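Protein chains in written order, with the numbering used here: chain U, 13 to 484; chain R, 9 to 406; chain C, 806 to 903.
Watch out, some of these pointers could steer you wrong.
What the hints assert, rightly or not - Within a straight-line C-alpha distance of at most 25 Å, the following computed DSS-like cross-link-like pairs (lysine-lysine) qualify:
1. U:Lys479 to R:Lys164
2. R:Lys227 to U:Lys446
3. U:Lys233 to C:Lys808
4. U:Lys123 to R:Lys304
5. R:Lys199 to U:Lys479
6. R:Lys227 to U:Lys479
7. U:Lys400 to R:Lys199
8. R:Lys164 to C:Lys808
What the hints contain is simulated information worked out from the structure, not anything from laboratory work.
Small disclaimer: the values here were computed from a predicted structure and weren't measured.
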Amino acid sequence: MTTTPSRENYDFVVIGAGPAGLAAAATSAEAGLSTLLLDENIGPGGQVFRAIASTPVTAREQLGTDYWVGADLVQALRAGNTEVVQRATVWSLDRNLEIGVSIGGGSSFVKARRVILATGALERPFPIPGWTLPGVMTAGAAQTMLKSSALVPDGRTVIAGQGPLLWLLAAQILRLGGRIDRILDTTERGNYFAALPHAFAFLTSPYFAKGLALMREVRAKVQVVSGVAELAAVGDGQLASVSYVAGGKRETIPADLLLLHQGVVPNVNLAMAAGVEHRWNELQLCWSPVLDASGNSSIEGIAIAGDGAGIGGATAAVVRGRIAARAAVEALAPVAAAKLPPLATLRAELAKAERGRAFLDTLFRPSPQFRIPSGDTIVCRCEEVTAKDILDAVAIGATGPNQLKAYRRTGMGPCQGRLCGLTVTELMAQARAKSPQEIGYYRLRAPVKPITLAELAAVPKSEDDVKAVVRG
Amino acid sequence: MSKAFSSEVDAGSREENASKRKSDYDVAVVGGGLLGSAIAWGLGRLGKTVAVLDEGDITKRASRANFALVWVQSKGLGMPAYTVWTVRASGAWGRLAAELKQQTGLDVSLQQNGGFHLTLGEDEFGQRTELVKRMHNQVGAADYKMEMMPASEVKKALPLIGPEVSGGSYCPLDGHVNSLRTFRAFHTGFKAFGIDYFPERPVSAITKSGGEFRLATPKGELRAAKVVLAAGNANQTLAPMVGLYAPMGPTRGQIVVTERTVPFLPHPLTTIRQTDEGTVMIGDSKEDELDDRALKHSISAVMADRAQRTFPHLARLNVVRSWAGIRVMPRDGFPIYDQSETHPGAFVACCHSGVTLASNHAFEIARMVAQGALEPELVGAFSASRFGGAGAANNGGY
Amino acid sequence: MFKRSEQDKRPPVQIFVDGVAVAARQGDTVSAALLASGRDVRRSTAVSGAPRLPYCMMGVCFDCLVTIDGVGNRQGCLVPVAEGMQIEIQKGKREIGK
Numbered sequence: 013m014t015t016t017p018s019r020e021n022y023d024f025v026v027i028g029a030g031p032a033g034l035a036a037a038a039t040s041a042e043a044g045l046s047t048l049l050l051d052e053n054i055g056p057g058g059q060v061f062r063a064i065a066s067t068p069v070t071a072r073e074q075l076g077t078d079y080w081v082g083a084d085l086v087q088a089l090r091a092g093n094t095e096v097v098q099r100a101t102v103w104s105l106d107r108n109l110e111i112g113v114s115i116g117g118g119s120s121f122v123k124a125r126r127v128i129l130a131t132g133a134l135e136r137p138f139p140i141p142g143w144t145l146p147g148v149m150t151a152g153a154a155q156t157m158l159k160s161s162a163l164v165p166d167g168r169t170v171i172a173g174q175g176p177l178l179w180l181l182a183a184q185i186l187r188l189g190g191r192i193d194r195i196l197d198t199t200e201r202g203n204y205f206a207a208l209p210h211a212f213a214f215l216t217s218p219y220f221a222k223g224l225a226l227m228r229e230v231r232a233k234v235q236v237v238s239g240v241a242e243l244a245a246v247g248d249g250q251l252a253s254v255s256y257v258a259g260g261k262r263e264t265i266p267a268d269l270l271l272l273h274q275g276v277v278p279n280v281n282l283a284m285a286a287g288v289e290h291r292w293n294e295l296q297l298c299w300s301p302v303l304d305a306s307g308n309s310s311i312e313g314i315a316i317a318g319d320g321a322g323i324g325g326a327t328a329a330v331v332r333g334r335i336a337a338r339a340a341v342e343a344l345a346p347v348a349a350a351k352l353p354p355l356a357t358l359r360a361e362l363a364k365a366e367r368g369r370a371f372l373d374t375l376f377r378p379s380p381q382f383r384i385p386s387g388d389t390i391v392c393r394c395e396e397v398t399a400k401d402i403l404d405a406v407a408i409g410a411t412g413p414n415q416l417k418a419y420r421r422t423g424m425g426p427c428q429g430r431l432c433g434l435t436v437t438e439l440m441a442q443a444r445a446k447s448p449q450e451i452g453y454y455r456l457r458a459p460v461k462p463i464t465l466a467e468l469a470a471v472p473k474s475e476d477d478v479k480a481v482v483r484g
Numbered sequence: 009m010s011k012a013f014s015s016e017v018d019a020g021s022r023e024e025n026a027s028k029r030k031s032d033y034d035v036a037v038v039g040g041g042l043l044g045s046a047i048a049w050g051l052g053r054l055g056k057t058v059a060v061l062d063e064g065d066i067t068k069r070a071s072r073a074n075f076a077l078v079w080v081q082s083k084g085l086g087m088p089a090y091t092v093w094t095v096r097a098s099g100a101w102g103r104l105a106a107e108l109k110q111q112t113g114l115d116v117s118l119q120q121n122g123g124f125h126l127t128l129g130e131d132e133f134g135q136r137t138e139l140v141k142r143m144h145n146q147v148g149a150a151d152y153k154m155e156m157m158p159a160s161e162v163k164k165a166l167p168l169i170g171p172e173v174s175g176g177s178y179c180p181l182d183g184h185v186n187s188l189r190t191f192r193a194f195h196t197g198f199k200a201f202g203i204d205y206f207p208e209r210p211v212s213a214i215t216k217s218g219g220e221f222r223l224a225t226p227k228g229e230l231r232a233a234k235v236v237l238a239a240g241n242a243n244q245t246l247a248p249m250v251g252l253y254a255p256m257g258p259t260r261g262q263i264v265v266t267e268r269t270v271p272f273l274p275h276p277l278t279t280i281r282q283t284d285e286g287t288v289m290i291g292d293s294k295e296d297e298l299d300d301r302a303l304k305h306s307i308s309a310v311m312a313d314r315a316q317r318t319f320p321h322l323a324r325l326n327v328v329r330s331w332a333g334i335r336v337m338p339r340d341g342f343p344i345y346d347q348s349e350t351h352p353g354a355f356v357a358c359c360h361s362g363v364t365l366a367s368n369h370a371f372e373i374a375r376m377v378a379q380g381a382l383e384p385e386l387v388g389a390f391s392a393s394r395f396g397g398a399g400a401a402n403n404g405g406y
Numbered sequence: 806m807f808k809r810s811e812q813d814k815r816p817p818v819q820i821f822v823d824g825v826a827v828a829a830r831q832g833d834t835v836s837a838a839l840l841a842s843g844r845d846v847r848r849s850t851a852v853s854g855a856p857r858l859p860y861c862m863m864g865v866c867f868d869c870l871v872t873i874d875g876v877g878n879r880q881g882c883l884v885p886v887a888e889g890m891q892i893e894i895q896k897g898k899r900e901i902g903k
């Protein structure tokens, strides 16, 4: 059963129990600080270590050794005194480090001396024609079902896109006896050349051998089409086929399930709503928080670790979690910090974990046609707003996402821009011949996740609050 | 096509040319929110050449934060002329909606079948009854048939009210509209009327020379024969540039909005309304705080609590967003419409009710600006001269 | 669309989807159980009525919205199944009292 936090004040509150959050919370608890870890999911692990404590997949090798690293992190966390609350949805964080969290339909507020945001990443929007059809999901969605429920595709299945996760997922599906009919690789050929300068670092990183082995494993069993330059999901109320162009030739194949993936991007909603400054990252094509070397953000007391700080992968996330936590411990309890691994060691570990990242970012930089849609393709899934609608709004004077919202309701639905925000920024930037940085992003505010009206109504209020509302 | 900004011309040659050249525009409207847009649209409708100078994507824009009522009841206590003006606006809204629909194809979902202010508990009912009495007794105000209703009567119109609702006031003229779509309709209509809309051009200075106004913006200068200041609370700083006075006293308001639900609320309330899309908007606070990026959850909580006591079934709905906006508020709460004695052709317009009064702005104020003079019998009461000497200006918290 | 791997030895949990008994497993989320059921579990959107199924399965897309034990618009991908749970597939906007 879910329980609410036992106290109102903590030295340390970590939000998100993925690799960075697990490592950060364990570090702070080890230093003897009162630590609360809040996580939205049923169990710890985040996305990469999803269901690490409960997966029904008993054949360990099917998930791969990288997955089981998560078990050690959970064990380390449980060895300490961290208070962990699962199924806890943080809906508000402000510059006073007050956190509004919804648990079991009720909200509590806790105050922290230091907050570490480890809200991780989400999959980059993949706005192709038909991507809202039933039967089209993200690759990450399929991986979540595989890890937490040992469910694998068994209909006609197509995987499309690019990036390391795509190959890992394909291998896992095959190992568990699932079906994949075809893989459509959208990696742009020119990217291989662009990535060359970073190749040495990559070749000497652990990713290289692993990646190569995965691709060999998958290619032995599944037809892989490279150089896919156009992609559409087709069907009437349900996916019926996938249409694509590769090598100048169009092909349409029947499909029940299309899994899309073109990398991950930081999950910025909570940090942005708290007021943390973000900048457009031209290499990773996403918003990243402005941070110092220890992960401290523009707001005193809030640090960000893991992929939410900029995409770095799970190994880097763990180290970033430790670095951010160590810096916070240093500020709150310098004596305790002296017993933790020295900063220089952690930084060296981070450098090692980040090796090869620039290569991956360059090689798997998604093509413009898969990021910036046109015509009737839906951009905002919640409010069902198309690319053409957005261009029409630009034509009558929308200069950025916030005026667009007023004209067209983009980003006003329950997902609050998570599935359309990047597309909107890039589409408007292209239409106005501006940089994404100049165009900007939605102005986000709490609640960053929906809470019931009753929950909001139960928040403690003063006489002055009542006076500010009630009038004759 | 937009007429070019005369930006890169040096001051000397500009002076020289000014006397020979016709101004770029008949009218420059400073401010592209609902108020400025309505006036600009109205001027375009009369065949004037108009430029609208606006700020960019991030701006304190009440037009994006408002509650979207077209509201009559309780307006004008202390100034009967405001009641008359409001009733006129309410009556003209249907025509505005129809013209926008015809021109742009956009249905702004105007609904004017009467609105309620509901009270919780007997004390609030008593206070509201007193207010309605005072409104009725006010000499010179239009009769807009505001009446008190016991809960049993209210329930006939709004069957889902909860047991704490003690009754409320009802006014048959009240209504609401989709204000964001109205905003979009005005801006869409600009194109058809040949109005030039210039975002990202906040006006930093206005001067008059050679019989025309010159408006300085970060992207150059624009010249117009007339100027209308419709920049919300910023009118306070712009007005003195052309011999006008607009003392403002802005306040912050918070609103929360729920996910879409099936239609349940056939009439708008002062603080709860269901949009044509199905979401439920719940307002609103009145705070001195003027940071529109921050939110005070305890204040939202009061609003949420009152909403669920009014309609208990709302308790389970999800709040999907909440926001704070800064009200455009003349210091005494009533609109300011004025024309400059020292700078003929300069006008100022600011008011809190940019939605309710949009029809008046589009039809009446635009007509008067086009004619070159405000009509005292319609808007004389709204001159800033009512504030006394201009020397008394304070910054109204803005 | 999906099948269960044979190595899955978790205990069964019975839920009801629009009144029909469906076999789930302990630890399944509502959305996973629905996708595994083989039934037509498409909801329709509140905006246009277009059919949708879960897209992200990680709590961000809100395409898994579903009525659980009488409460509408819950994120099915974040809620674990429980014995006897009543699921209703939503059609259009959330209803009054749900």
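Any hints from earlier that this structure breaks? Give me their numbers in increasing order, please.
-> 1, 5, 6 and 8
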